[in-house]
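Start counting the sequence shown at 0; every next residue gets the next number (numbering that gives the first Met the number 0).
Please note: incorrect hints may appear among the correct ones.
[Unchecked claim] Okay, derived cross-link-like pairs now, DSS-like style, lysine-lysine, Cα gap no bigger than 27 Å in a straight line:
| no. | residue 1 | residue 2 |
| --- | --- | --- |
| 1 | K196 | K79 |
| 2 | K211 | K79 |
| 3 | K211 | K122 |
| 4 | K55 | K189 |
| 5 | K95 | K55 |
| 6 | K189 | K83 |
| 7 | K196 | K226 |
| 8 | K79 | K166 |
| 9 | K226 | K211 |
| 10 | K79 | K226 |
| 11 | K83 | K122 |
What the hints contain is simulated information worked out from the structure, not anything from laboratory work.
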Amino acid sequence: MTKLSIALKKHHRLVSALALVLAVAAIFWVVNSPAVVGAAAAERVLPIYSVKRQDKTIAISFDAAWGNEDTQTLIDILNKYGVKATFFVVGAWVDKYPESVKAIADAGDEVMNHSDDHAHFSKLSTEDITANINAANDKIEAVTGVRPALFRCPYGEYDDHVITAVKSMGMTAIQWSVDSLDWQGISAQKITERVLKNVQPGSIVLFHNAAKHTPEALPGILEALQKAGYNIVPISQLIVSGDYTIDSTGCQCPVTCVSPSPAASPAASPAASPAVSPTPTAACSKTPKA
0 MTKLSIALKK HHRLVSALAL VLAVAAIFWV VNSPAVVGAA AAERVLPIYS VKRQDKTIAI
60 SFDAAWGNED TQTLIDILNK YGVKATFFVV GAWVDKYPES VKAIADAGDE VMNHSDDHAH
120 FSKLSTEDIT ANINAANDKI EAVTGVRPAL FRCPYGEYDD HVITAVKSMG MTAIQWSVDS
180 LDWQGISAQK ITERVLKNVQ PGSIVLFHNA AKHTPEALPG ILEALQKAGY NIVPISQLIV
240 SGDYTIDSTG CQCPVTCVSP SPAASPAASP AASPAVSPTP TAACSKTPKA
């Protein structure tokens with residue numbers, strides 16, 4: 000073999016190695032580029048966690064899936080303070096407690112859908128999701144006379160196909176931006192401190208109808224929020240009804256709203272699937288706190 004041939008082979012190997020290094024570097028850049036990561040985040044299909052509001056308007060919600068010991072007490076507290084809330088109820092709960100569902104509706108509070116049986120929706124097919132939601136809608140409508148327009152995923156779990164299925168039914172998927180953590184059995188004081196610390200205009204607050212200390216905490220929370228100038232409305236009155244976008248934190252914004260960069264990925268909710276459910280630390284980060 001001539002010296003020229005040996006030199007050419009060495010050059011070829013060097014060029015091939017360099018090409019491999021450049022290819023690996025290019026792949027690494029594509030995967031880790033903020034622009035690409037942000038675009039991927041922007042393509043996710045998200046429910047509404049909060050709403051971009053300039054006024055001090057928020058919503059509080061209650062999930063009803065299991066017990067029923069305190070539902071009427073919560074209704075009475077809400078009535079005392081002139082507050083209307085949104086109750087997300089499971090179809091099986093409607094079967095057990097139709098009189099409570101009617102009492103919620105008769106008090107002027109919203110009754111919305113929390114699935115028929117509190118299943119893990121990310122494990123269901125699109126057909127099963129729509130059938131499950133429609134089954135609960137039928138039960139709620141039979142008691143209240145109103146078919147729900149809002150849906151909250153059981154366990155706060157979802158993926159793109161779940162939210163897409165909900166939207167295909169003409170319904171809106173709702174999460175929350177402030178978790179009271181009442182479901183953990185924490186004290187009324189801790190529930191109160193947690194809610195008042197994190198609430199801001201456009202927040203959606205999560206409570207549960209059967210949590211041990213929620214009835215004790217709720218009056219003080221409502222008093223403090225009203226004293227701070229907050230207007231508390233049902234979720235259907237909080238969300239944007241016209242054209243809107245949902246940014247990467249789950250904040251619903253009117254089309255004129257400037258959203259945070261989609262590259263800023265929010266933390267996962269402790270009550271939701273970490274891989275799929277962002278929980279923003281604020282209801283649109285540019286919104287002023289009280």
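task = Return the numbers of the hints above that this structure violates; sort them in rising order.
result = Those not satisfied are hints 3, 5, 8, 11.
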